[in-house]
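**Student:** Here's the letter readout for the chains.
Number of protein chains: 4
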Amino acid sequence: MCRWLVYSGTPQLLETILYKPTHSLIDQSLHSRMGVETTNGDGFGIGWYAQDADLGSPAVFRETGPAWNNRNLREIAGHVRSSLFFAHIRASTGTAVQQTNSHPFRHGRWMWMHNGAIAGFPAMRRDLCLAVDPSLFAAIEGSTDSEVMFFLALTMGLEDDPPGAVARMAGLVERTGHAHGIAAPLQMTIATTDGESVWAFRYASEGDARSLYYSSRVDSIRALHPDVSYLKELSEETRLVVSEPLGDLPGVWNEVPEHSYGVVREGADELRPFAPA
Amino acid sequence: MCRWLVYSGTPQLLETILYKPTHSLIDQSLHSRMGVETTNGDGFGIGWYAQDADLGSPAVFRETGPAWNNRNLREIAGHVRSSLFFAHIRASTGTAVQQTNSHPFRHGRWMWMHNGAIAGFPAMRRDLCLAVDPSLFAAIEGSTDSEVMFFLALTMGLEDDPPGAVARMAGLVERTGHAHGIAAPLQMTIATTDGESVWAFRYASEGDARSLYYSSRVDSIRALHPDVSYLKELSEETRLVVSEPLGDLPGVWNEVPEHSYGVVREGADELRPFAPA
Amino acid sequence: MCRWLVYSGTPQLLETILYKPTHSLIDQSLHSRMGVETTNGDGFGIGWYAQDADLGSPAVFRETGPAWNNRNLREIAGHVRSSLFFAHIRASTGTAVQQTNSHPFRHGRWMWMHNGAIAGFPAMRRDLCLAVDPSLFAAIEGSTDSEVMFFLALTMGLEDDPPGAVARMAGLVERTGHAHGIAAPLQMTIATTDGESVWAFRYASEGDARSLYYSSRVDSIRALHPDVSYLKELSEETRLVVSEPLGDLPGVWNEVPEHSYGVVREGADELRPFAPA
Amino acid sequence: MCRWLVYSGTPQLLETILYKPTHSLIDQSLHSRMGVETTNGDGFGIGWYAQDADLGSPAVFRETGPAWNNRNLREIAGHVRSSLFFAHIRASTGTAVQQTNSHPFRHGRWMWMHNGAIAGFPAMRRDLCLAVDPSLFAAIEGSTDSEVMFFLALTMGLEDDPPGAVARMAGLVERTGHAHGIAAPLQMTIATTDGESVWAFRYASEGDARSLYYSSRVDSIRALHPDVSYLKELSEETRLVVSEPLGDLPGVWNEVPEHSYGVVREGADELRPFAPA
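Protein chains in written order, with the UniProt record's numbering: chain A, 1 to 277; chain B, 1 to 277; chain C, 1 to 277; chain D, 1 to 277.
No wet-lab data here; the hints were simulated from the structure.
Be aware that a few hints might be false.
What the hints assert, rightly or not - If we take Cβ atoms under 10 Å as the criterion, some of the chain C residues that face chain B in the derived model are:
1. Leu13
2. Asp52
3. Val60
4. Phe61
5. Asn72
6. Arg81
7. Gln99
Claimed, not checked - Computed beta-carbon distance windows for the label pairs:
8. D:Gln51 / A:Asp219: 29 to 35 Å
9. C:Glu206 / D:Asp208: 55 to 61 Å
10. D:Thr93 / C:His180: 52 to 58 Å
11. C:Glu37 / A:Pro122: 30 to 36 Å
12. C:His23 / B:Ala223: 58 to 64 Å
13. A:Ala184 / D:Ala138: 51 to 57 Å
14. B:Asp208 / D:Glu206: 43 to 49 Å
15. C:His180 / D:Asp54: 32 to 38 Å
16. B:Thr22 / A:His31: 49 to 55 Å
17. B:His178 / D:Asp208: 53 to 59 Å
The model shown is predicted, which means the values in this text are computed figures rather than measured ones.
In this text, a Cβ means the ideal position worked out from N, Cα and C, and glycines have one as well.
If we strip away everything but chain A, and leave its shape as in the complex, we get:
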């Protein structure tokens, strides 16, 4: 339904990642290869942490039109550098196209974005909203399943234990779905961050989950492609997680296994199994 991208690493102009690759996210907004829809033109968003340590929360720029023709996105991407940013392009399945339905969502220092859907969400929406912490309820601004999933995860401890909270959220969604007679309620790839670590999840109640890839370690890519000068400027820690590869360079892109999640952070990254709780 959507496509997204996480960048974490050596500070870059956003456009280096968003526009320059052969099959960049902007290109995917018109010509997605692996998505359910080839066009992702129902809004977009980016969220970035500024390089000033004293700005608590990330900047979030969200719009309702397509990413491919948005001049303001190109301006920002050409003038803002960040070492950690999210980007998302949306293909709506009927929910209103409005700024508050574009990803990423933000709460304090946290960001969240999602590709997939809760099957039968309209029928479940009330039950799921009721499970959101009452003190958070008023902060729900849009009408998407994705935002409700974020608030459920926040309710269930996202800020203390992201993998546990996402597992509990997924479990609740599945139980609620089953209670409403939905056999396979959940399709999700999710990225969330507190500005330091990034957690990326891939899961489906049934069958294949939406595609998700992560980039290889920079040193191993360099060894494969000693002639690609661009790679020399990147730290070892630099990592991308994407709905679909940004190009065809061999050895760069690895599929995130079904039912698993990865953690990107300073030090060793991790890849672990995921199951709803």
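Keeping the supplied structure of chain A fixed, place chains B, C and D upon it in accordance with the hints.
**Tutor:** Below, chains B, C and D without anything else, positioned relative to chain A:
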């Protein structure tokens, strides 16, 4: 916070009512005289019943920018005729400026628009949403108090007994507000219609309610102003209900009394007292 | 680059033509089969003549987002009837996405829309603008080649002799292009109307012109498809001209030959050769 | 018609200047005190130079809605720092509300913004456009007088001699206006910059020019207000030029005299007389 207008009567081009009067609603979007804010530039909407009997529900055109510079509004207003239409200009008090927060709201044949506010709405939002009929909950698309009030009224019988349902909605809002420690929870002028009758309410929990006016009977205006040729084309049944008068012609505008509601319909119109139930 | 549609005939709700066919123009906005681009998401417009004889000029509703997710378009299409309307979906090749660059363009009673391009337009823009009648110059609002072509045609007599004026415009564009070293300056399918007749042109300086089709006479379609009840309501005069067929019903769609133009009007329609003058 | 602001000095978060002052530019968008219109809600723009020396041209973010409710503006303002930026809020006098008509305009490293109008511009537009260097003509994207003034100034040497070029542009506008029978063709306050110096002009062909103010030297403001801690962080070089003062602190704001221009740059700023050439 907002300004609105109801027209019911001889079929007119929308622009005759929306643009031509000296102090038209479009003029009020820039220069409101009686509103809490002089500028109402945070979105607008119109809703009209087409003159084809077979089209069940009204057309609703809603936007996020100001009415005064919207070319599409002017085009529609210059080419569409209707015998019953609503128009609304919004001044947000912080809620997102998005299409789904612009009035009028629609459900089947019904439309609804509101000026005013529920004091302390963020804290009450969850309780009020819970009181909405579960089968209607998924149809809430925006984040305004006004839309929740509409769904509460629908839950409480709007389609069968509009004054009773609005009274019950107002009662629930006041009780919920009091439970949250809000002394004066409700400020409202509301218009609602099923395409045949229009109900317009004016109420405040405390102090003056937002301004509301209705036009005099066409025959009495004609007697006062025999030289105004425009009036000759209007049926006796023609009536306007507006947040503030569209001009200064003496004898045309009458204040809706505090704590009352009016009914505009074929046959004799009515004006009655209103109290939350 | 774009796709367009002309309807002329028995008054219809716009949605009957715009949304209901299998491969409707709205579907083409996401999945064009014959266009240079599959996605036409850079703005859209409709223009219709209201059924009131006293409204001189058509209504034009133009937007900057994609047609497929525009709720206001659906509202208008579901509530407005017309016997003559234009619709256009845009795929920009770099020119700004803004209302004044969306088609159809209007001047008095006249409308104009275009698919194609003037090769090398930026370099020729000044020369072509200088050829516009000085009294019309200030009315150019956007930055497209299409709008300049319209104003050139108006300058060259569109209102008196549409085929002649379009031929003179095309001739000027080709001469100007050649002077700028462009071998094949013009690609165009154009529709224009005064509210009574419609002229549709197909031409390219070199090679295949953009696709263009017209619907067969209603009586012949009826003879082929006696079971299609929808056809019974249509007058013999009803005609569609479209960038690509709206469906696969055999015998309905005929290609407009290269280098020709058609006239749709009360009485016998015509198809004639076209050459720049 | 519009209001604008220039900041040059110690790097600041844009929000410090755009949102925090009592009578900030954002407040002026709703409640201008000195403008021809109190509401400036027909689009806005900001342009800033990033603090990376290697990014040649400034970022320009322009929108069509009001500044006061734009969430993306607030996000950018809260996360981007700059030592030189422009901001502009627009009140249209009829010209289309579109991104390409919002200020600031940009050409390479240069930015330009304007408050005022060319009287009788529609009639003069063609003559003025013809005077634009043919190689620049195709870069005109919008339909405002302000953008044409920018391209005329570029044609007449803005990049080499800004005061001379603006004087020649103003002279041409006045001569063209007089030729069209306009007695007082020009009203302007203009700001332009190459990223290092800023030039600000105030001029009217007749009568009072639009208001324009500059801030006092930081050391003299500090002497007057030793208790304002904020001032301690500002370099001596810091300077604001604004359509109307951002607050009421005595001794801070000085009117730019009629028919003069100022230069803000490293080293001593200047204030000089201005006359069309």
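**Student:** Go through the numbered hints given earlier and state which of them the structure violates, listing their numbers in rising order.
**Tutor:** 10
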